[in-house]
Amino acid sequence: MPPVAGDEPQDSPPTRRRAFSIGFGVLAVPVIGVAAYQSIRAAAGGTNVRANLTLVAPAAAGGGWDAFQREMQQTMRSNSLVGNVQVVNIPGAGGTIALGSVGQLNEPNTLMVGGTGQIAAQIQFSTESVITDVTPIARVVEEYAVVTVPAESPHQDLESLLEAWRSDPPAMPWTGGGSFDQLVMTDLALAAGIAPQETTYISSDGGGEAIQALLNGTAQATAGGFADMLPQIEAGRLRGLGVVAPERLDGVDIPTLTELGYDVTLTNWRALFAPPVVTAEEIGELEVLITEAVAAPEWKDAVKRYYWKEVPLVGEELTQYVADETERIAGLFAEING
Amino acid sequence: MEQLDLLMQGFAGALTPMNILWVIVGCLLGTAVGVLPGLGSSMAVALLLPMTFALDPTAAFILFAGVYFGGLFGDSTMAILLNTPGQASAIASTFEGHRMANDGRAPQALATAAIGAFIGGMVASVLVVFLSPTLVALSSSFGPPEFFALALFAFVATSSVVSDNVLKGLAALVLGIGITLVGTDGVSGLTRFTLGSPQLFDGISLVTVTVGVLALGEVLYVVSRVKREREDLETRVAGRPFLSRKEFAEAAPAWGRGTLIGLPFGVIPAGGAEVPTFLAYEAERRLDRRRRVPKFGKGAIRGLAAPEAAGNATTGMAMGALLALGLPVSATAAIMLAAFKQYGLQPGPLLFDRSPELVWALLASFFLAMVVLLIINLPFAQLWAKLLLIPKPQLYAGITLFCGLGIYATSGAAFDLVLLLVIGVLGFVMRRYDYPVAPLMIGMVLGPLAESSLRDALLSSVGDPRVLFSSPITLVIYALLAVVIALSVRNSVRKRTRRDL
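Read top to bottom, the protein sequences are chains Y and U.
Take the first sequence: its position 324, counted from the start at 1, is 324 in the numbering used here, and no numbers get skipped.
Take the second sequence: its position 406, counted from the start at 1, is 406 in the numbering used here, and no numbers get skipped.
None of these hints come from the bench; they were simulated from the model.
Watch out, some of these pointers could steer you wrong.
[Claimed, not checked] Partial list, derived from the structure: chain Y residues whose beta carbon lies under 8 Å from chain U: (1) I97; (2) P170; (3) L215.
As the structure is a computational prediction, the values presented were derived from the model and not from experiment.
Beta carbons are placed, not taken as given, at the ideal position from N, Cα and C, and that holds for glycine.
Only chain U is shown next, with the shape it has when bound in the complex:
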């Protein structure tokens, strides 16, 4: 229980009035940035970096922890209320979460998300505290062959999102993969489908597509129907402010499952929280179909609870991986790494030995940030939900503005705004003609992962395909894949699959 002692010392360092103020400031700031479509936590952390020059290390990292997790909480708020996720990891929350909001259960949806994020983040923080050293060993066993197996597994596991209308679903999936092909090919250095335009050399970012298809596409769609549908403001925010015991009981297992799905992904030293959120959503959806009264498609609380918990579990673990491995595998992590260096610290295997007091204060501040976020988010759920009281013209005009602002702020390029508009129209067309947008997003997340890991694996083995089955991890993943396929074949043979919606 040495870790527990150290953690308590960490709390002692973190729990000064000044530091508590910083964590609250960080949480509010992070939440505020998170609710802007397209502006994620990495931007918030980058803007804050200069502030750290004026703070002592503990306060600075506590502030960062607040911003980091606050961004995640904020992302899902907008995803649920307005179907406009700020980052790719909140996409899965829109599917059922936004339906709940439309059903007049916005406060409950927000509470479900906040509690889910809290549970996922908490469990991850606990595991980080006790397992950090072990993470080092685990992470280095994950190479391209494992990533390829994982991508294949995720493709198959999320296949049911295309199954409602196979042809349209596959079309959307192929479109998503196609978009990711634009840009410079990382392996050969050649440019693909860029039409010679330097602005496209880095490809089309997932954030732009997310905001374009989901947020702007939604706006255009709503606008196109605004005359046809009478809006009923009152029912949109009806419902109790908090979860009933029944709802709580219903969401609880999904929170647990989501957390379990999310945790391992945080250890994998690359890739974001998108894949686990989709997997968690999909797992719940499959479970839902076996119930007597399937609820998916009508605002199922579990369909929101699971991805929220998974997303935060992954992010929490990823932060642990950053500390233990010292690898800047995401933009946010890279900036935090720079901040560590600012104080003469080097995250990595030696950090726990060299400056334990700071590490443990940071870990303690994770817990603080979680608690603070839960406290400020639950009451705010009511407040946020009232955003929906804004009449549609003003509300959607505001969303459009923030979409543009968020995209422009990350790159400062007018070209990206044009791109956003084009993709927004695409999103509208897809909605108008009933093409599901989820497969497009899944294609964009998994396509490049599958492509680059397959090519890297084959490069590394000088073209020998056996490398793909060379490790125990790959074999386990392929075995799971076989089970998933066998189960779905069995299900469809028995015709037990019930359509939701």
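Okay, chain Y solo, but in the shape it has when bound:
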């Protein structure tokens, strides 16, 4: 099959037409490049949050924070809540790089999603940028972990799992897709009377790898994110023993840890934060904007799809909540490190 351009002589100098066609081919490249660049280049003009808003995901594309912001963007777009809304990924150091960047912005029209993971990272790495560098605007949703074992595990219920764990803690490797999962495991160990330093935790890169570690026998249990685990539980490859949530989830026949007598209530919450320069008036505007967004059907749909639970909280109470959580997570890390 001769290619289209094959009839042209090979060694002739480039004609105008040829040069043009090269130019055309080369043009396709910068177009994409510029598009990418533009999406990175944060909102440059207009402080009015309704005109121009940048949603910062403090992680690379493809994670939970990224998903949250892209759903938020979609909701705001389809309801015309904001003139121009874009998502910018600022990955790195467990989300604390983004903390640093957003903490230094001089414009109020940026909302970064954040939560447990960033607090965990700031404590773990003792980073300079901390969650108090940014202004909490509204807590939006939280996700729950579920204590899960492989389907062929001998442990049919939580009590049996904890019994085995207690009798020889290092011999029962746990896994998890992120620091939150490890914190839940630590909290459970404490509640079950197991010294956290004695536990074995194999860190996986994301929920997918954690599931894989359970299936191939590397780990025996996990406290993984509900949205990752549920499909595998439904497919019969994993078994859920207890949900780490304040109350039972709709349509899910797995008891909560509180029900089972273990006071583990750590949840993976997601809140939106603004740069510290926001004025009280702008905070009010952002709160209204978020309230409108989360009331939209698109957002309700996303909440359902990701198995989130809506937990609105704003103002003084939210600031206090973030402070309490920071203290609580610091306490758990102190336990992990003995």
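Following the hints, position chain U against chain Y.
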């Protein structure tokens, strides 16, 4: 032949004029992003995700398939022409492919790559169609001990890349492994060699190093010699537009072998397509040395054909694994998973039962994407090759710009640009003093795999080293390893090893 029926129904769903348009748009877009150094298919898919909100599921996934595979085709185009691979999986294609381009065989090299990628992807798609359910069982038998054995095997199997000058090769390898040590240790959570800089907590990404060492290093090297070497534009694009029958016959077995090497790796639920491309390259190189007239080092067509086929075979299979397992094991897969969820679908064992029409339409669109990519890439091979007609100053300035753009676009951090520059200088120094860069890249790919899998395996067994030999798969890999070592010992004893280049 139930699958065949279902696949035909899939084609029926995918072959509407509108969907064909989407696949073409996806392929063009993917190719365009792929040719940018540092911008891989995951970025392209992420940028496209919002578009899917406006499309029906079938059209959206067809678009994704086009972008996904288009990115792979685009990566190798730049790897071959300008020695600037966009992603790590195109590194192995630069070794012989760029030499072919320098020899004035750029169009043939591009055609070889396109056909190789087509064959690998096609075979993988066929296997995915028939084997998806079986993949589930296979993938869960691969744990840390198996990965460690695999990493060891790959280290030894690719050892000949360091053998031209053992000392310099090993230095480069150690440097590569050393770079991967920077960052937070996944097992203990402690930071290593970060100098307290938060920007380094996540380590130095393979993409930055790939673009820095291979692309920017190349630019600096060319610049340093621009006065010394007279450029001869005409010979750089001489040669026929397409493969001759002889070239085709020569590349054919390599395409086949590359595909065979790549396929199993797609089933393994973690790790990218880098390892199989290196292994395929290495296998061809070893075979080449036994020939009467070794061609490696002078632009061997087989050295390009095999890794291209392997890379795409792995990627195609990996997509099947995503569907069958529902595991987001790469960034691209994670975003596609999000897109599935957007439509209320959950990839995984149940997907084939719950929404078969979509799965089969997606699989059918893999085939479509492959065909479309082959059609747009073969004629474009001529066009792309003409990039080389751009005078060097402008061409290399353009590459430098795109290197920076690609790296900046993924993270949006100026720090990464500084890092890119430092690594580019390192790449230049290595070239200037004849240190091979391949071992550095291999060290970066395999080092972390070996380290984390060894530590995870030992953690899981509470320190009992027997876990490393506990499964049949590990034993098979170690047996293969023993054979490879025995063969190379025999070869060196007989002094039959002939140096290429």
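Hints numbered earlier in the text: which of these fail when held up against the supplied structure? none
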